[in-house]
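Engineer: With the hints as your guide, set chain B onto chain A.
There are 2 protein chains.
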Amino acid sequence: MKNSFSFVKFDHISLSMEIENEVKPDLLYIEVADRIESLIEKETFKIGDKLLSVRALSKEQGISLSTAFQAYYHLESKGLIEARPQSGYYVKFSPQHGREEPTCCKPIDEAVPVSLDEMIASVHTDLRARSKIHFSVSSPAPSLLPTAKLNKAVVQALRESEDSCLNYEDFQGNEVLRQQIAKLAFNWGGVLSDDDIVVTNGCLEALSLCLKAVTQPGDAVAIESPTYYGIFQVMESLGLNVVEVPSHSGEGIDLNYLEDAISRCDIKACLFVCNFNNPLGSLMPDENKKLLVELLTRKNIPLIEDDIYGELYFGKTRPKTCKFFDTHDMVLQCGSFSKSLAPGYRIGWAVPGKYKNKVVALKRMNNISTNTLLQEALSIFLQKGRYELHLRHLRKALHTQCLRYSQAIAEYFPESTRVTRPQGGFSLWIEMDEKIDAFKLHKQALKHNIGIAPGHIFSTQGQFQNYFRISYGLPYTERIDEGIRIVGGLITNYKT
Amino acid sequence: MKNSFSFVKFDHISLSMEIENEVKPDLLYIEVADRIESLIEKETFKIGDKLLSVRALSKEQGISLSTAFQAYYHLESKGLIEARPQSGYYVKFSPQHGREEPTCCKPIDEAVPVSLDEMIASVHTDLRARSKIHFSVSSPAPSLLPTAKLNKAVVQALRESEDSCLNYEDFQGNEVLRQQIAKLAFNWGGVLSDDDIVVTNGCLEALSLCLKAVTQPGDAVAIESPTYYGIFQVMESLGLNVVEVPSHSGEGIDLNYLEDAISRCDIKACLFVCNFNNPLGSLMPDENKKLLVELLTRKNIPLIEDDIYGELYFGKTRPKTCKFFDTHDMVLQCGSFSKSLAPGYRIGWAVPGKYKNKVVALKRMNNISTNTLLQEALSIFLQKGRYELHLRHLRKALHTQCLRYSQAIAEYFPESTRVTRPQGGFSLWIEMDEKIDAFKLHKQALKHNIGIAPGHIFSTQGQFQNYFRISYGLPYTERIDEGIRIVGGLITNYKT
Numbered sequence: 000m001k002n003s004f005s006f007v008k009f010d011h012i013s014l015s016m017e018i019e020n021e022v023k024p025d026l027l028y029i030e031v032a033d034r035i036e037s038l039i040e041k042e043t044f045k046i047g048d049k050l051l052s053v054r055a056l057s058k059e060q061g062i063s064l065s066t067a068f069q070a071y072y073h074l075e076s077k078g079l080i081e082a083r084p085q086s087g088y089y090v091k092f093s094p095q096h097g098r099e100e101p102t103c104c105k106p107i108d109e110a111v112p113v114s115l116d117e118m119i120a121s122v123h124t125d126l127r128a129r130s131k132i133h134f135s136v137s138s139p140a141p142s143l144l145p146t147a148k149l150n151k152a153v154v155q156a157l158r159e160s161e162d163s164c165l166n167y168e169d170f171q172g173n174e175v176l177r178q179q180i181a182k183l184a185f186n187w188g189g190v191l192s193d194d195d196i197v198v199t200n201g202c203l204e205a206l207s208l209c210l211k212a213v214t215q216p217g218d219a220v221a222i223e224s225p226t227y228y229g230i231f232q233v234m235e236s237l238g239l240n241v242v243e244v245p246s247h248s249g250e251g252i253d254l255n256y257l258e259d260a261i262s263r264c265d266i267k268a269c270l271f272v273c274n275f276n277n278p279l280g281s282l283m284p285d286e287n288k289k290l291l292v293e294l295l296t297r298k299n300i301p302l303i304e305d306d307i308y309g310e311l312y313f314g315k316t317r318p319k320t321c322k323f324f325d326t327h328d329m330v331l332q333c334g335s336f337s338k339s340l341a342p343g344y345r346i347g348w349a350v351p352g353k354y355k356n357k358v359v360a361l362k363r364m365n366n367i368s369t370n371t372l373l374q375e376a377l378s379i380f381l382q383k384g385r386y387e388l389h390l391r392h393l394r395k396a397l398h399t400q401c402l403r404y405s406q407a408i409a410e411y412f413p414e415s416t417r418v419t420r421p422q423g424g425f426s427l428w429i430e431m432d433e434k435i436d437a438f439k440l441h442k443q444a445l446k447h448n449i450g451i452a453p454g455h456i457f458s459t460q461g462q463f464q465n466y467f468r469i470s471y472g473l474p475y476t477e478r479i480d481e482g483i484r485i486v487g488g489l490i491t492n493y494k495t
Numbered sequence: 000m001k002n003s004f005s006f007v008k009f010d011h012i013s014l015s016m017e018i019e020n021e022v023k024p025d026l027l028y029i030e031v032a033d034r035i036e037s038l039i040e041k042e043t044f045k046i047g048d049k050l051l052s053v054r055a056l057s058k059e060q061g062i063s064l065s066t067a068f069q070a071y072y073h074l075e076s077k078g079l080i081e082a083r084p085q086s087g088y089y090v091k092f093s094p095q096h097g098r099e100e101p102t103c104c105k106p107i108d109e110a111v112p113v114s115l116d117e118m119i120a121s122v123h124t125d126l127r128a129r130s131k132i133h134f135s136v137s138s139p140a141p142s143l144l145p146t147a148k149l150n151k152a153v154v155q156a157l158r159e160s161e162d163s164c165l166n167y168e169d170f171q172g173n174e175v176l177r178q179q180i181a182k183l184a185f186n187w188g189g190v191l192s193d194d195d196i197v198v199t200n201g202c203l204e205a206l207s208l209c210l211k212a213v214t215q216p217g218d219a220v221a222i223e224s225p226t227y228y229g230i231f232q233v234m235e236s237l238g239l240n241v242v243e244v245p246s247h248s249g250e251g252i253d254l255n256y257l258e259d260a261i262s263r264c265d266i267k268a269c270l271f272v273c274n275f276n277n278p279l280g281s282l283m284p285d286e287n288k289k290l291l292v293e294l295l296t297r298k299n300i301p302l303i304e305d306d307i308y309g310e311l312y313f314g315k316t317r318p319k320t321c322k323f324f325d326t327h328d329m330v331l332q333c334g335s336f337s338k339s340l341a342p343g344y345r346i347g348w349a350v351p352g353k354y355k356n357k358v359v360a361l362k363r364m365n366n367i368s369t370n371t372l373l374q375e376a377l378s379i380f381l382q383k384g385r386y387e388l389h390l391r392h393l394r395k396a397l398h399t400q401c402l403r404y405s406q407a408i409a410e411y412f413p414e415s416t417r418v419t420r421p422q423g424g425f426s427l428w429i430e431m432d433e434k435i436d437a438f439k440l441h442k443q444a445l446k447h448n449i450g451i452a453p454g455h456i457f458s459t460q461g462q463f464q465n466y467f468r469i470s471y472g473l474p475y476t477e478r479i480d481e482g483i484r485i486v487g488g489l490i491t492n493y494k495t
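In the order they appear, the protein sequences are chains A and B.
Heads up, the first sequence is in numbering that gives the first Met the number 0, so the first residue is 0 and it goes up one at a time.
Heads up, the second sequence is in numbering that gives the first Met the number 0, so the first residue is 0 and it goes up one at a time.
Calculated from the structure, these hints are not laboratory results.
It is possible that part of the hints are untrue.
A pair holds if it fits inside one copy or across any two, identical chains being indistinguishable in the list.
[As the list claims (entries may be wrong)] With a straight-line cut-off of 30 Å between C-alpha atoms, the simulated DSBU-like cross-links for lysine-lysine are:
1. 91 to 58
2. 289 to 267
3. 439 to 355
4. 315 to 91
5. 105 to 494
6. 383 to 148
7. 267 to 357
8. 131 to 395
9. 49 to 353
10. 383 to 151
11. 442 to 357
12. 182 to 439
13. 41 to 289
14. 357 to 446
15. 395 to 434
16. 289 to 148
17. 357 to 439
18. 439 to 383
Chain A with its partners taken away, still in its complex shape (with noise of 0.2 Å):
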């Protein structure tokens, strides 16, 4: 066999010492496992690599037989390697040998009105009525979040708040949510208090109420392209117009061609996903936040960062936020727990920086304010600290779900199909032969009960018809690789 034993060694000394000075004994297994993978990313280990056995991986980096096990175990999960009988484990799978990503758009330079609203709703109502298989969905399967603490949450709300949580809540929200909330802002080195805070019915809410803060209607409105189809509602519902910005699936937002748009077209406010955009799960890196900034400062334009997915990152930390280099309070972050926590909830918030009052003042005046118990509930989860501990899991989760997802794309889908390589949040970008019109897929796809999402509904200028996002929320199962594998067949077999 070909490459059996070109296992590299690690580097001995330096990662040894790193163990056991930083890292938990119940996380051991993970730092050593995130190693590997990544030496596979790198395809320093190539796919058909025999690794190190059980017992020489524990001598040569000193941790146990049973950590050395959990190590490949935790691989074997994510389906990047596999046990052979009688042989010992291999690699099976690097991202780099899925497909290859897709390619950017070019969006025509001017801004247009939104009026997506047909095509979505009739996207969103096959996809209620029929489908089983709910590729289309991004959030986290039930399984995957705290069910039983958060309800003990719940239950305590009601029994120990003064009057069962039927009074009004604060406008602007619980207070001690807005504490908890605040102090999330640690992880990507912010500094907020609980006053800085506006708690919404969830992110969407947050978003629309701060583009109404900082826009008119007839306004025009950057995005980026690919985009969240949820945020043409919002702006169409707010009479705004368009402009899309290309954004890569690693890097994001293309910020020259940003900037020369805002010297073409009067941009009011922008609107980006900076972290794990929906759909294509690309990652602006921390430079180029501060740019972007920088260069919004200096043109005045308030930037609105949806931030709902900066929490579900696949790196080893939290990526930071574009709040983080707002230096003239101009940057207005969203978040929610829709996709962390409990979507069923529909509790967000935003972080509207100079702009706080008007948002505050929107709030009460389309809804009076957020309902008392769930806020509640959520202060009582968030103060016991669970919140974090989740998270570790659902990352972990998610990141595995991502590649085995990938897996069985690049196992059951044409060759010329290309796909992102998400570092966070939930979905994948497909994009497939430019023949291949993903609507007429998604009604096929429809027929077998699995729903997915065209990629008409992710931009306003139809540029995305050959591409669709599958949402790897759900954990992977037989039934979730079956679906996979008819989508698959779907494409192959497709007639124009």
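Structural biologist: Then chain B, alone, in the frame of chain A:
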């Protein structure tokens, strides 16, 4: 004692027969009390009149001694009669003997933009920060709500739903809850199905979505004057102009004025609260509702009907809604559980007639869907049939509170004060000498930790500078009595 024995006999036979045939035993005493109350209202029994002894009442009405006693006790709790030691029961108060009703307003007859936000925000901030006796909040005290039963429903929803209500709910709302809301229409003679209903984050969101569905920024919308300031805020946030139509404390909107206004201004929609308008508590007669709907249908103007107080009637039956008379599906009815069951849950609804698809789309654009858990909890609560029972208690309690507050106002406020005689809802609307500025009074009351809502925020045209609203949602206690006494003192000693 004058009039001591002027007790007028009931129509003995017809009353008894009615009782035997129609009234359930446990409501007998209320039936008897209501009849006595209406005789007091009509001043057939005048203040100071002695009533039949308990024994004589029992004999005359063919009811048990205990039922007769309960009837008097009930009237006493309402403050209408009093027991004098070793003498019997005497009429103590008649609503007719309270203060005169306020005068009607004369708004300017053109559409004007709304710009009340600063004043409203200032009043709100004051009240939140400093008031301890909230005469300014139009919602029921938690002690009037079925807290334990609601909590039980929440826990059951957590326990019995497949995913602990963590997933997104349908955009249009929980189906069973919509069925239950549809059933409520039975009370006003309506026939609705679950598919007619859109669940929202409270009534204000329903109003906002409906307004948005039928207007464009800059359009003129007719509302009654005075009107609840939250409605001005929604209109301000949508960039709408206001045409104020005078409303009488008795019969509500002046239909002749409205017809004139329609011919003068290009009115694109009307938003009226025909049942127990806040702050007037007025009740538009059902025949006027019919005329109103016919007028607007003829003119092709959609009517947004805010029926949030419709269930809180003090009379015998639920008043009809405009929706009842809607032959062309042009009435967009809105309601909520915020005033009758659970303010903090923020669950309301719209019945948008032919504009339904538009309203559902706007709901989805705004915040996807209303939170899953509290919709499920309310659907469980309603399915158990608990709502009707609770409403019966709540109506009784509110009527009693209304009368008690009115009596205290009659006692403590200067002679020249005029006060409404609401037939339902939560508010008393008070007109003072025109030299008195209600905003200054509000500031003075705050120094005593008392919150009232000054008339300034109930009109865009500064028509109610010497008016204010007192809500009687809190049960009548010594503290409340003391609060009203203090406000009365402030008015009496007001220095211009």
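Engineer: The structure should be examined with respect to each hint, and the outcome stated for every one.
Structural biologist: Going down the list of hints, with the structure as the test:
For a Cα distance limit of 30 Å, the shortest separation of residue 91 from residue 58 inside one copy, 24 Å, qualifies, whereas the shortest one across copies, 96 Å, does not. For a Cα distance limit of 30 Å, the shortest separation of residue 289 from residue 267 inside one copy, 20 Å, qualifies, whereas the shortest one across copies, 47 Å, does not. Proximity of residue 439 to residue 355 under the C-alpha cut-off of 30 Å is restricted to the inter-copy arrangement: shortest distance 28 Å between copies versus 44 Å within a copy. For the identical chains of this complex, residue 315 and residue 91 are intra-copy neighbours only, at 23 Å inside a copy versus 77 Å across copies, given an alpha-carbon limit of 30 Å.
Proximity of residue 105 and residue 494 under a CA criterion of 30 Å is satisfied intra-copy only: 27 Å inside one chain copy versus 71 Å between copies. Proximity of residue 383 and residue 148 under a CA criterion of 30 Å is satisfied in both settings, with 10 Å inside one chain copy and 28 Å between copies. Both within a single protomer and between protomers do residue 267 and residue 357 lie at most 30 Å apart by alpha-carbon distance, with minima of 16 Å and 27 Å respectively. Proximity of residue 131 to residue 395 under the C-alpha cut-off of 30 Å is restricted to the intra-copy arrangement: shortest distance 25 Å within a copy versus 50 Å between copies.
Taking the closest pair of Cα atoms, residue 49 and residue 353 never come within 30 Å of each other, the shortest separation being 57 Å inside a single copy and 67 Å across copies. Taking the shortest Cα distances, residue 383 and residue 151 sit within 30 Å of each other both inside one copy (12 Å) and across copies (24 Å). For the identical chains of this complex, residue 442 and residue 357 are inter-copy neighbours only, at 24 Å across copies versus 43 Å inside a copy, given an alpha-carbon limit of 30 Å. Within a single copy, residue 182 and residue 439 get their C-alpha atoms no closer than 46 Å, and across copies no closer than 41 Å, so neither meets the 30 Å cut-off.
Taking the shortest alpha-carbon separations for residue 41 and residue 289, only the intra-copy value of 28 Å comes in at or below 30 Å, while the best inter-copy value is 76 Å. Proximity of residue 357 and residue 446 under a CA criterion of 30 Å is satisfied inter-copy only: 28 Å between copies versus 47 Å inside one chain copy. For the homomeric pair residue 395 and residue 434, neither the shortest alpha-carbon distance inside one copy (37 Å) nor that between copies (70 Å) is at most 30 Å. Taking CA atoms no more than 30 Å apart as the test, residue 289 paired with residue 148 passes in neither setting, with 38 Å inside one copy and 53 Å between copies.
With identical chains, the CA atoms of residue 357 and residue 439 are at most 30 Å apart between copies only, with a shortest distance of 26 Å across copies and 44 Å within one. Taking the shortest alpha-carbon separations for residue 439 and residue 383, neither the intra-copy value of 48 Å nor the inter-copy value of 46 Å comes in at or below 30 Å.
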